[in-house]
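Chemist: Once you've looked at the hints, dock chain C against the given chain L.
Taken in order, these protein sequences are the chains called L and C.
Under numbering that gives the first Met the number 0, think of the first position of the first sequence as 0, with each following residue one higher.
Under numbering that gives the first Met the number 0, think of the first position of the second sequence as 0, with each following residue one higher.
Label pairs and their in silico Cβ distance ranges:
#, chain 1, residue 1, chain 2, residue 2, range
1, C, Leu77, L, Asn7, 36 to 46 Å
2, C, Leu77, L, Glu209, 46 to 56 Å
3, L, Arg55, C, Leu77, 50 to 60 Å
4, L, Ile22, C, Asp173, 38 to 48 Å
5, L, Asp25, C, Met132, 49 to 59 Å
6, C, Glu99, L, Ala68, 40 to 50 Å
7, C, Gly87, L, Asp173, 22 to 32 Å
Here are the simulated lysine-lysine pairs, PhoX-like style, with alpha carbons at most 20 Å apart:
#, chain 1, residue 1, chain 2, residue 2
8, C, Lys21, C, Lys127
9, L, Lys127, L, Lys14
10, C, Lys127, C, Lys157
11, L, Lys127, L, Lys157
12, L, Lys176, L, Lys157
13, L, Lys167, C, Lys167
14, L, Lys196, C, Lys167
15, C, Lys14, C, Lys127
16, L, Lys167, C, Lys196
Keep in mind that the hints were calculated from the coordinates and are not lab data.
Backbone N, C-alpha and C fix where the C-beta goes; we use that ideal spot for every residue, glycine too.
Number of protein chains: 2
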Amino acid sequence: MKLKVTTNILTANEKIAEGNEKIFADAGVFVLNLMSSPGAGKTSLLEQTIIRLKDRVKVGVIEGDIAGADDAMRIDALGVPVVQINTGGACHLDANMINEVLGDLPIADLDILVIENVGNLVCPAEFKLGEHMKVAVLSITEGHDKPLKYPVMFQESKALIINKIDLKPFLDVDVEKIRRDAISLNPEITIFEVSCKTGEGLDAWVAWIETLIS
Amino acid sequence: MKLKVTTNILTANEKIAEGNEKIFADAGVFVLNLMSSPGAGKTSLLEQTIIRLKDRVKVGVIEGDIAGADDAMRIDALGVPVVQINTGGACHLDANMINEVLGDLPIADLDILVIENVGNLVCPAEFKLGEHMKVAVLSITEGHDKPLKYPVMFQESKALIINKIDLKPFLDVDVEKIRRDAISLNPEITIFEVSCKTGEGLDAWVAWIETLIS
Numbered sequence: 000m001k002l003k004v005t006t007n008i009l010t011a012n013e014k015i016a017e018g019n020e021k022i023f024a025d026a027g028v029f030v031l032n033l034m035s036s037p038g039a040g041k042t043s044l045l046e047q048t049i050i051r052l053k054d055r056v057k058v059g060v061i062e063g064d065i066a067g068a069d070d071a072m073r074i075d076a077l078g079v080p081v082v083q084i085n086t087g088g089a090c091h092l093d094a095n096m097i098n099e100v101l102g103d104l105p106i107a108d109l110d111i112l113v114i115e116n117v118g119n120l121v122c123p124a125e126f127k128l129g130e131h132m133k134v135a136v137l138s139i140t141e142g143h144d145k146p147l148k149y150p151v152m153f154q155e156s157k158a159l160i161i162n163k164i165d166l167k168p169f170l171d172v173d174v175e176k177i178r179r180d181a182i183s184l185n186p187e188i189t190i191f192e193v194s195c196k197t198g199e200g201l202d203a204w205v206a207w208i209e210t211l212i213s
Numbered sequence: 000m001k002l003k004v005t006t007n008i009l010t011a012n013e014k015i016a017e018g019n020e021k022i023f024a025d026a027g028v029f030v031l032n033l034m035s036s037p038g039a040g041k042t043s044l045l046e047q048t049i050i051r052l053k054d055r056v057k058v059g060v061i062e063g064d065i066a067g068a069d070d071a072m073r074i075d076a077l078g079v080p081v082v083q084i085n086t087g088g089a090c091h092l093d094a095n096m097i098n099e100v101l102g103d104l105p106i107a108d109l110d111i112l113v114i115e116n117v118g119n120l121v122c123p124a125e126f127k128l129g130e131h132m133k134v135a136v137l138s139i140t141e142g143h144d145k146p147l148k149y150p151v152m153f154q155e156s157k158a159l160i161i162n163k164i165d166l167k168p169f170l171d172v173d174v175e176k177i178r179r180d181a182i183s184l185n186p187e188i189t190i191f192e193v194s195c196k197t198g199e200g201l202d203a204w205v206a207w208i209e210t211l212i213s
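Looking at chain L on its own, in the form it has when it is part of the complex:
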């Protein structure tokens, strides 16, 4: 019974996601769904990416949070179009929530639209939004056991950003194990190690994004 309900929700979501896909294709915008645990650094990564891209690439953002507009205000301060979705309790964005806010963004003028999902290493990976790719962010402070404990996130993502590597000297964390386990779950995954605080590794990530949208 519970499984049936879940299946129905996912099927309904998939239909709306297909509609979003068509809207994105018509607008010629590349769409990235950014996912992680709470506090892994999605918004910081987005800020640093926008700063490096915005002179050459037109970026737009949809922020997803259960409550509040802190993240949208951080993005707005960078001068790029942004819409905040409050899910009102739901632990992930779904395709319908995205569909409802597309009219509030100049999507035909954008090169890339980044959707920052609700902080959650589980459910966001199961709900298609109509995006071209999913990207997972994992902070090394979360520990090296995370890929095997939350496999779907790593299986569904085209890239993995391993963030906060500036903290490596102060942690007992095996970053090689994170890489190894992520690749065992998803041999095609592209992995970047970055620090949004020091800037290390961000140029390689931004260059990779540019190859995808050019």
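Modeler: Here is chain C on its own, set in the frame of chain L:
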């Protein structure tokens, strides 16, 4: 429509949770539901708590994870009874999952049963398991914006453990803001600052737990 489905699941869960409550009352065991984001340190806190309690208090553990048995093996190494639940994709434990494993634990012999939930700062707070209290763990590496962005977790918890305070010198984090926002959401919440790595703050937490089960 979507809301209706959710309400039905929550209502069904509540009934089973009431059954669990009765089983726990008959067994005379105090039950704690431990929740956090992935990697905030629930298992480390549990290990450190067991080490400090186990000579005086009989502890049992239910581990909840989407996949794997790493956490149960860590607890088993301490010589306390433990059962691992794999949710097979579900992002939280529910009352029925707990009910199904109670026969695998000597609950009538236990003083305290700790249920370590799936790493997720959202959904676990909404599903009663029949526990006496919920406790939230937040690592300072997750940032000081988390209580206001994930309010239900902090509203539902009787205590908040602020973990990894040994990393404070290396982070731009305002721990006072975490305290202030958690208290604004839940004036009755008891807050502990700890480091499971250095042991700082753990004695106060363990002493508090002992007052609850004595």
